[in-house]
Amino acid sequence: MILIQLIILAALLGWLLWTRPIRSWICSCERKDLLFGAAILGALVLGHALDFSRATFPLVNWSMYTEVNAEDDFQVVNVICHSDDGQQKSLNPIELYPSLCHCFPARFTALVKAADEGKLTENDTRIYDRLIQSMSTQYAARHGMSLKTTRVELVKIDSLSGATIERKLVSVHDARPASKNSVVSRSATHGNH
Amino acid sequence: MNTNDQRQLPEFQLLHGDASSAALVFYLKFFFTMWLIRYLFDPLQTLSNLPLEYAGPVGPLQWMPVAWYEAIHSFTGLMMLRAGIVVCAVGVWFGRTRMISAMIGCVVLTMIACVIRGFGGQINHAEIGPLLVTWVLTLFCFRLPQDKISVPTTQEHPTASVALITATMVLALVYAFVGIARLTNGGVELFLGDTIQRHVTRGSYSDWVLPQNFSNWVRDYPAIAWQLKIGTLLVTLVEIAAPFALISKRVRYVVLITMPLFHLGAILMFKVIFVEQMLSLILLINVSPWLAARARQNATKRSQKPAADPLVQTG
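Taken in order, these protein sequences are the chains called A and B.
Going by the numbering used here, the first residue of the first sequence is number 186, and it counts up by one from there.
Going by the numbering used here, the first residue of the second sequence is number 22, and it counts up by one from there.
So that you can see chain A by itself, here it is in the shape it has in the complex (with noise of 0.2 angstroms):
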């Protein structure tokens, strides 16, 4: 698909490079000026084609939204704190973190749904549990709470009608600072794939 894309982008430019203007143009400026800019051009699309953005970071590729969505339903992570006075707020990783708004939920989603289907490695389960902990220990300092229990929940939500299909609980964090081993609990179906 990638090939296709780089053809109609290639009959863009071409197109582009033929007119009048862009012509003119190129005739009255530097070979060196207009090579760097070529250059600095190619890398961009070199990064788009290759699509191995993580290692080509910042050229990356750029398919964003592009593809047929025909999920019927899809999940969201609810994350709740439980304090000590009884009270129940919704912990929103977002507002501590406000530079990962665009990156953070997909991830964490991702990870929860791993959490919940037991597909953790022994690290990354270890990795899940003091990211919850470092979570729940901002939110009680932000807030001023002091918290008892941090619970993670996975909602699935129909995708076309947006009512709630499944509420799952995912694990229980012993929230408080001084606790060292945080896991109160884990979903039923943990360990079991």
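Errors might be hidden in some of the hints.
[What the hints assert, rightly or not] Which bits of chain B does chain A cover? Going by a derived footprint, with three or more residues having C-beta under 8 angstroms, they are:
#	segment
1	71–85
2	173–186
3	236–246
Worth flagging that the hints you see were computed from the coordinates, not collected in a lab.
Idealized CB from N, CA, C, for every residue including glycine.
With chain A held as given, fit chain B onto it using these hints.
Relative to the frame of chain A, chain B by itself:
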């Protein structure tokens, strides 16, 4: 640049064909001020509270020694990156420090982008296009005589023209990549099926980013759903045509009207925030004539007589 072709066909005037070093410096200042505002208010250092193992090295951070990688992700490291970009952005406003500030600023911005992407799944979002544009403007500054950058003039300069046209092409190509990929990957089904409704529903439940929920509107009023589908098709066509904004005023106006509306719609409907990308559309506005007129005006005020020479330093 005024060629005979352009005089005959005013519709097909090359954008930035008459660019000056003053225009290049104007855009450089604009982009760094944008980054300054962004990172003054973005508490980047809070990321040091996340487990470092959760981050995966991205881009140049992959080749960095582990100790440096850890140092960058520490509270001090992230604060230094944040302070670094603020200092560099301020430095870009002053002639003497402009080039070195811009260069260091680009490196710092890339590090920040790598850190942010390391913690997330989405890698090609919002501020990457403007980051590349900032790199282009900075690298081309080194191709101009240093005095033209520290004390820019409104005199037309071919290198400044290549710089601004390359920067505009970077921005336009980013749109063209997305538009072409949407046509080839999604095809007609993407515009006729329920994909857009599904994206709106999914976006509406991303209440971590913004609270509003418009999925009911799209579900209950088919006319709105159809408007979104037609809108997506139109935006895709405008994205593909974006490189032609370089030579056609009409395409330029269409892009300048359509894309900000699209980005605002994406914020409301999908909760995808592309503020930096939206602001980068300023590259489609030719500031060179305005800068030249302003320089002439200043010269007139200074000399108290009509300005004859437009080639005046803007400072």
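Hints, one by one, checked against the model:
| no. | hint | result |
| --- | --- | --- |
| 1 | 71–85 | holds (count 9) |
| 2 | 173–186 | holds (count 6) |
| 3 | 236–246 | holds (count 3) |
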